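Trainee: Going down the list, the protein sequences come from chains X and C. Under this note's numbering, the first residue of the first sequence carries the number 1, and numbering increases by one thereafter. Under this note's numbering, the first residue of the second sequence carries the number 1001, and numbering increases by one thereafter.
Please keep in mind that the hints were generated in silico from the structure rather than gathered at the bench. Small disclaimer: the values here were computed from a predicted structure and weren't measured. One or more of the hints may lead you astray.
Stated by the list, open to error - Below, computed lysine-lysine pairings styled on DSS-like, alpha-carbon distance capped at 30 Å:
no., chain 1, residue 1, chain 2, residue 2
1, C, LYS1417, C, LYS1492
2, C, LYS1417, X, LYS11
3, X, LYS11, C, LYS1010
4, C, LYS1187, X, LYS89
5, C, LYS1010, X, LYS17
Said to hold, decoys possible - Computed from the model, here is a short list of chain X residues facing chain C with C-beta under 10 Å:
no., residue
6, LEU28
7, ALA36
8, LEU88
9, ARG133
10, ILE230
11, TYR234
12, GLU242
13, TYR244
14, SER253
15, GLY257
Virtual Cβ for every residue (Gly too), placed ideally from N, Cα, C.
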Amino acid sequence: MTTQTSTEYEKYYVPEKSRLAICATIGLVLSIYGAASIMNDMTFGDPSQPSNAWTIFLLGLFFFVATLFGWFRTAIKENIAGMNSAQLKKSYVLGMFWFIFSEVMFFFAFFGTLFYVRVLVGPWLAGEGEAGRMNHLLWEGFQFSWPPATTPQEAVGIASQPIANNGSFTSQETSMAFGEVSHWYHWLPLWNTIILLSSSVTVHIAHMGILDGNKKKFNLWLAITVLLGIIFLYVQAVEYHEAYVQFGLTLNSGIYGSTFFMLTGFHGFHVAMGMTMLLIQLLRSLKGGHFTADDHFGFEASSWYWHFVDVVWVFLFLFVYIL
Amino acid sequence: MGDHHHGPAKGLSRWLFTTNHKDIGTMYLWFSFAMFILGGFFAMVIRAELFQPGMQLVEPAFFNQMTTLHGLVMVFGAIMPSFVGLANWLIPMMIGAPDMALPRMNNWSFWILPPTFLLLASTLFMEGGAPAFGWTFYAPLSTTYAPPSVTFFIFSVHVLGLSSIMGSINIIATVMNMRAPGMTYMKMPLFVWTWLITAFLLVAVMPVLAGAVTMMLMDIHFGTSFFSAAGGGDPVLFQHVFWFFGHPEVYIIILPAFGVVSQIIPAFSRKPLFGYDSMVYATASIAFLSFIVWAHHMYTVGMPVAGELFFMYATMLIAVPTGVKVFNWVTTMWRGALTFETPMLFCIGFLVLFTIGGFTGLMLSIAPSDFQYHDSYFVVAHFHYVMVAGAVFSMSAAVYYWLPKWCGKMYNEAMGKTHFWISFIGFNLTFFPQHFVGLAGMPRRIPDYALQFADFNMMSSIGAFIYGASQILFLYNVIATIVAGKPVSDDKVWEGAEGLEWTVPTPAPYHTFETPPRIDPDHVHS
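Same shape as in the complex, but just chain C (with noise of 0.2 Å):
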């Protein structure tokens, strides 16, 4: 058994050549941080031109190709790739597994994801520029009248979907054959069962997305009709099929986030968490609902009203596991000896702004408001509230945690804190003023506005710039740490964690329960 107990192997070839899921979780953690600046990047361009009304820095043009590109690389580049990182760094050492269940194709996962994005990037530079129909890439706008680059665009969506899809059986795969002798299901730490439900997701609709690019594909370049009227098709059937995939895409990207909410919480309270098992089952619930409320995102198109009641009263019961999620996150607290170290702010941050997120999600699931609010700002402001204090906050939060373990020592606590804050702080100056523009009328992705969205679009982009600039701090903070931080030889680093994945040395060894370690039957979980 001599190789198993290698360390990494040297130089450039450990990170092109390897099998171990803590180098390719670490992979896929850097590059999403990579994609998060890049993608964070295109939003600042966007709000240097939106900073004051009338044309001030970009073409028209290349401002829809910013939208566009801000929007495929945050979700596809950045948040997706993240939570994988942390489901290759945590899933086998909280379930007591050696590795992931098939190592070879994990390590394929990760590695199509760069290349690909590379080219979608190179996209800016080719004739007609970079797609620019939205991230949501309708129909027309996406076939009739997109520019060449969009073969390109197709093809990358292709291939992260396969990425996607190879990646959650892995998961799925890991789950269920590898754990412990004695972890059963229901004493599995809430962050695998969330990503398994997620992963159960992707490998449902990746596949759809597949088809709905695909149907593009022929209709640019092989004169098919899908999304034509003039040949029989429907425009409308494009959204059909990409809110098919989209709807759940939303839960795939905040499910991990409740997991590593629910993890971290409970460590901070020194409670366990509150309803376990509703947890468990809240979570499955809404991945189902999320398979029927697709057309939610498409009230205005002119379906008939029993689909429009139908969607809206299927969206609207969506809140009720999600309030059962963040009443146990209050309760578990309730009473709690509580300390608010970095993950801990983060994770209230995101209860708070979280449930600000789903209310307004309510708000838009009600078919006849929805014709007011629909494509204004008031739905940007609804889905960064859910995406980046939700998916984005938990994400800082969960490398907060587990970072002391992944590297052997331990943040700057103040310089963390400094990071919640001014994140805090400048996410919601950018995003709380988004929904008086949006009810008051402001469309989004038009790079002018009205004058008297004004003041608020200057008080955006500043909060915008803010936040930007706080994530350079996160940024050094993770590499100060690394390259200095303060040692720590506790295994546990922090009094309240549960878990196996806190049983083992700090910083974990590169290859961890190799023999599969005793899970104690009357053990209840926290």
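Bound conformation, chain X alone (with noise of 0.2 Å):
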């Protein structure tokens, strides 16, 4: 890997200097600064009281994703002047491979927290086990079952916003879990599983097409995937408005509310990422003119990254709406 050749740069690049790591934090830093007045604004504010929450916030962000344009930009500009080793290109996989990882993980926590307030939390809500002895007589009269049909403070009479799910309705037509088999057209997480599991496949092909050197294959195959992608979204948007408007389940109704948008809403903010990500790699290519046989890493990276959504689609699919 290391040994020296004539080639002026295949040494390993380290950049000089760069005011890209500056940059990136003044937007990282004031975009969050406004997220979180935004939210406290919200939560805590006075109405009455005029605030740039959001100009900060969007400023920030601007800037951030601004910087980080710039970023990938000179990353890719260093790339077509050959000043990437075969040594520096493995760090970039490296990086790419342990990012996921990351991700990966941050989804494990709340995969995680949907196992321990289903499996453990609600019987023992409910008096089960020596955990829940108690709690016949903090939450008097809950039965657990997931979904719930209550949440313990509406089994006791404290009223809070109605936790209308499949529990307290039995069609499917006002369920997130599969109802009757003779419905299955009716259920969009079906649909969105056929719509992801193919984009996985379709981006493979596209893989396979950049490798033969088949720009048009690639770039046929990957523009279906992001079309693929679009439409998953789509779909997801019309079945949060199914959620929210007819079944009344919300973010406030519970914890079915709280684990299944919180899971589903990370994966479709992801599969957004993904989408943006592969959509600059068919931008690149059709624009650019970028990758080659040989060279195609940032599509590559977008790929794992698209196979990760996919994955993970899997498991949400699997626990959230099946099991």
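Take the two lone chains, each set in its own frame, and fit them into one complex as the hints suggest.
Mentor: Encoded structure:
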């Protein structure tokens, strides 16, 4: 790996100095300051007081995104200029791999939460087991089922927003979970599963295309993948609308709504990220003429990310919707 | 290749725009020292309040803010960044790499820290005060009953996590990809090994912490019920998620310290490290076990007995690889040609005091006993023996050991030794009595206490002021060395030092190993 050749940049390329990190810092810090202020205005704030939180947030976000854009542009330019040795390329591969691993652990926290509240906390709140012994006194009459018919506080008669979900409704039309087999085609998560699994195949076909040097095949199948990603997000938006408007299932409706929207919402956000990444690769290919059979890491990394969101969805489908 | 031989840029832009691992390492080290002073100042407020029973100086609410910020600043601002700074300076030099694998990202990992800690510290001046729920920020204290500044705290934690993840990915990529030819994994210095494993831990658990604070954020602002039993969630869920991060976190803090000690003890024993392979395996075992012991922080929350037993036995198991390490360090010194320069003194201090902290840890691991010790000053004494005498002592040792290589000048040995002895005495005076008041029932995080604890608390406070003052001496010694220390010309600096970092000129040039060195294939490492 480290043997020297006559090429000028076969040495490990260490950029001399760069403003990127400072600009990214300014953007990031402004946007988190803004975001925190927006939320505090919302929850604790005085509506009569004017606030510039949104301005700070949007300004910071714009600056941050613009810097990242510039950052990737710089990295791409360096690669095209032949400055990246094989060893440096391997650093990028390792970087992407461990970034995806960190994302896996992020989802692990939420899947762990789902497991814990469903398998352990729910029965305990209903008074089962040694850990739940006292809960008869606290939440008298609370019966546990998943999805729950009521929250513990509703069970003891403290009003909260209705927890309308398939616990209290019996037909699959008002349920996030899979209902009657005869109505399977109404069930949006099934369609989204088909869409996302297919998109993993299409992105793989695109990959085979670029490996053959077939740019046409690559562009076509990559475009189809991006389109499938957009359709997925659209269907998810329809599903959320249905949950909020028809079923009254919201973030406020107890632990079922909390876990449902947290898991599917963060997944949806990651689909949006992955779709954007793939879209940028498509534009690079179409407008910039980037990527060759043996140099297409930008695409490859994005496709790994895409396979990752696909795998997460399989687990979501299993644990959130089916079981 | 001309541009690679440039020295550092002039002025502020050198530091703002740098991609050099040595510059970034230096910034991490100075930043962490600044945070050490800030966190230490908070500790002084705590000890001043506890100097005598009764309410002395501060309001109870402010006292809570002090304990919270002291913990957060020390863990996330002082100890962790200090070891990242060491990693930046040393890993490329130890494995024969020209720099870190991803130099621009390296700079970003550092630069997001200072503004984030500024934001965190600014919560002190916000309406409702700074976070006051302890560094472990248990729900519902940190959700339902939190001051509005909690939102800024949450986003700060997100960004700190981002910094740690990027820093760790950089270290993993550097170690896996940038080793000089012949530098096989089992030839790497132990400091590199411990950091590689630490980096894995960080990438694995920092996202889980992000998940925990995100759920807090949702509960506070968006009406979810993750940590509210009324909605079907559970406040104990927070503790599970937090400690799934938190327990590996304490090994994230201590493993690089193990690495430092494993470099320094052989150098001043003039003997190779005893049991190198077993050190590597012990480190890996500790890292693995750290993922399955988290609930030993929560014995008193009402877990089923089967859970208590599992976590108790798993926790006790950690004593085995840790014992291997302590045994190896002692055996390295056995029949060595020992000398006791300041770095060695700090390492021996580490060895003795960390072992005491380990033993109290073993006491705490026993679930039925922990019902007595839980949330008492015994716990405070335990983790300060591990965090301060463990991590901070080894960090002091590291600075004395490598400072001559970094700046080409030798520190004042007499002053260094004085720093050690004052630290050692001050530290023990502070924390040893806390075992006794803890066992007798004094709870942690309370600004007042019963009269029978008065004498020990006064000793503790005097010890803390002594320990705090000794750090000023340390700062003075380091600055005096950099400004006017006696120049060192020997590449090796220390007679018994081994490793690639001692083969480059002193002071280390701005760029090292632009061409990878050859590693002797027969080289058995030290």
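Trainee: Run every hint past the structure and note whether it holds.
Mentor: Results of checking the hints against the structure:
no.	hint	result
1	C:LYS1417 <-> C:LYS1492	21 Å, holds
2	C:LYS1417 <-> X:LYS11	44 Å, violated
3	X:LYS11 <-> C:LYS1010	25 Å, holds
4	C:LYS1187 <-> X:LYS89	25 Å, holds
5	C:LYS1010 <-> X:LYS17	12 Å, holds
6	LEU28	6 Å, holds
7	ALA36	4 Å, holds
8	LEU88	8 Å, holds
9	ARG133	9 Å, holds
10	ILE230	26 Å, violated
11	TYR234	23 Å, violated
12	GLU242	19 Å, violated
13	TYR244	13 Å, violated
14	SER253	8 Å, holds
15	GLY257	7 Å, holds
The structure shown violates the earlier hints numbered 2, 10, 11, 12, 13.
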